[in-house]
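Listed in order, the protein sequences are those of chains A and B.
Just add 588 to wherever you are in the first sequence, counting from 1, and you've got the working numbering.
Just add 588 to wherever you are in the second sequence, counting from 1, and you've got the working numbering.
Keep in mind the hints are simulated off the structure, nothing from the lab.
It is possible that some hints are incorrect.
Listing some non-contacts, in silico: residues in chain A with all C-beta distances to chain B over 10 Å [as the list claims (entries may be wrong)]:
(1) T605
(2) G632
(3) M653
(4) V663
(5) R712
(6) L745
(7) R752
(8) S771
Where chain A lies over chain B, by a calculated footprint (3+ residues, C-beta under 8 Å) [what the hints assert, rightly or not]:
(9) 650-663
(10) 738-745
All C-beta atoms, glycine included, are put in the ideal place defined by N, C-alpha and C.
Protein chains: 2
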Amino acid sequence: MARRIGRRPGNPDTRATILAAARTTFAERGFDQASIRAIAATAGVDPALVHHYFGSKDKLFLAAMNAPADPAKVVPTILAGDPDQIGERLVGAFLSIWDSPAGTPAVALLRSAVSNEWTARLLREFLTTQVLRPVLDHLDVDPAQAPLRGSLVASQLFGLAMARHVLRLEPIATAAPETLISSVGPTMQRYLTAPLEGQPPHRRSRVTPPEG
Amino acid sequence: MARRIGRRPGNPDTRATILAAARTTFAERGFDQASIRAIAATAGVDPALVHHYFGSKDKLFLAAMNAPADPAKVVPTILAGDPDQIGERLVGAFLSIWDSPAGTPAVALLRSAVSNEWTARLLREFLTTQVLRPVLDHLDVDPAQAPLRGSLVASQLFGLAMARHVLRLEPIATAAPETLISSVGPTMQRYLTAPLEGQPPHRRSRVTPPEG
């Protein structure tokens, strides 16, 4: 599967070649299955060179995504504090990135994901593995429910970004962050932790008492 | 402001000319402010001809939008029944349209709205005036809160469509409609009717007792 693009170490385009290979590999295999080794093979370079340029797989992924913010810095601010307000902090962090100068590339990324299947895959992987997974882990969510809970959270966050920054739906487009935090935060909290109807309750392990 | 495109009644392109004029006028002025008379003037035809081809302003708007479903048929099914389950019926109706053959043009419309400001305006007007307004009216929502409630509902519906049909975020992409109705329905219900924090309570009129 690995395609050699034919650049050699030291070539000034090596960094760009690695980034292109990383985008391909992350989109094709997903973040977890994409190894530095596979990305290096696709780029036709030594894995050590990938480490040299980008440090870790996380950082390579951020660079490949042109990510508008570093989850390693943002996620801890969401997790710190009362677990019952994690939904509000998640919306607050999300809005503060999208309302900042980093919002412009974020909007471009969202627009691109809508028309480009590969960008959609990268965006999906980014949100799922870099943002939502640590939040769900922190809340000790039942792993069987984590994917649905995570994708529900993502659906509301994408919709909020669409309404505020792309479709410019009023009053969301110009609302104070506090208004959106208090309106949407409880939705996030419910998707993350409340029992979802028709789903087993939110517990990591359940002991079923023997019958009789 | 009206631009005469120069078609005359009876021209075989008259219908297309009226539709183009309608798209321009609805996007520029919004649904409420766009009159049949203004659309006819933009198209360079007699208003009677617009009525002849399209019947009502509502129907002209649906045709101009290439709307995937007729709200006049769908909205009553959302409103009928227990008001406490209007959120679930709204999600159910939404999913049944997007999961049907009408979903293909709906996805195309959403993609187009993301890259095209005018389509975004038409989509916004369509959802706001044709779908959400009757639902909010039916629930007797405080008019001062209706725009925020409506746009919150829209944000989650857009996000759900994005997650299920555009970004294909699992498990939302392939979940049974019932799973999404029971997960997202209560969010809709809350956005429509529950007190929004930091907002005055959900009442059409309030009487403040005199002091002392």
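* To do: Report holds if the minimum CB distance from V663 of chain A to chain B is greater than 10 Å, and violated otherwise.
  => 19 Å, holds
* To do: Report holds if the minimum CB distance from R712 of chain A to chain B is greater than 10 Å, and violated otherwise.
  => 5 Å, violated
* Determine whether the non-interface label on R752 of chain A survives the test: each CB of chain B must be over 10 Å from its CB. => 8 Å, violated
* For M653 of chain A, is the shortest beta carbon distance to chain B beyond 10 Å? -> 14 Å, holds
* Go check the region 650-663 of chain B versus chain A for me, would you? Three or more residues, Cβ under 8 Å, otherwise it fails. => violated (count 0)
* How does the coverage statement for the region 738-745 of chain B fare against chain A, requiring three or more residues with Cβ below 8 Å from a Cβ of that chain? -> Three-residue rule met by the region 738-745 of chain B, so holds; n is 6.
* **Closest CB of chain B to the CB of S771 of chain A still more than 10 Å away** => 5 Å, violated
* Taking 10 Å as the cut and beta carbons as the points, is L745 of chain A off the interface with chain B? -> 7 Å, violated
* Given as non-interface: T605 of chain A, which should sit over 10 Å from chain B by C-beta -> Holds, since 27 Å exceeds 10 Å.
* **Non-interface label on G632 of chain A, tested against every C-beta of chain B at 10 Å** => 31 Å, holds
Violated hints, listed in ascending order, are 5, 6, 7, 8 and 9; each of the other numbered hints is respected by the structure.
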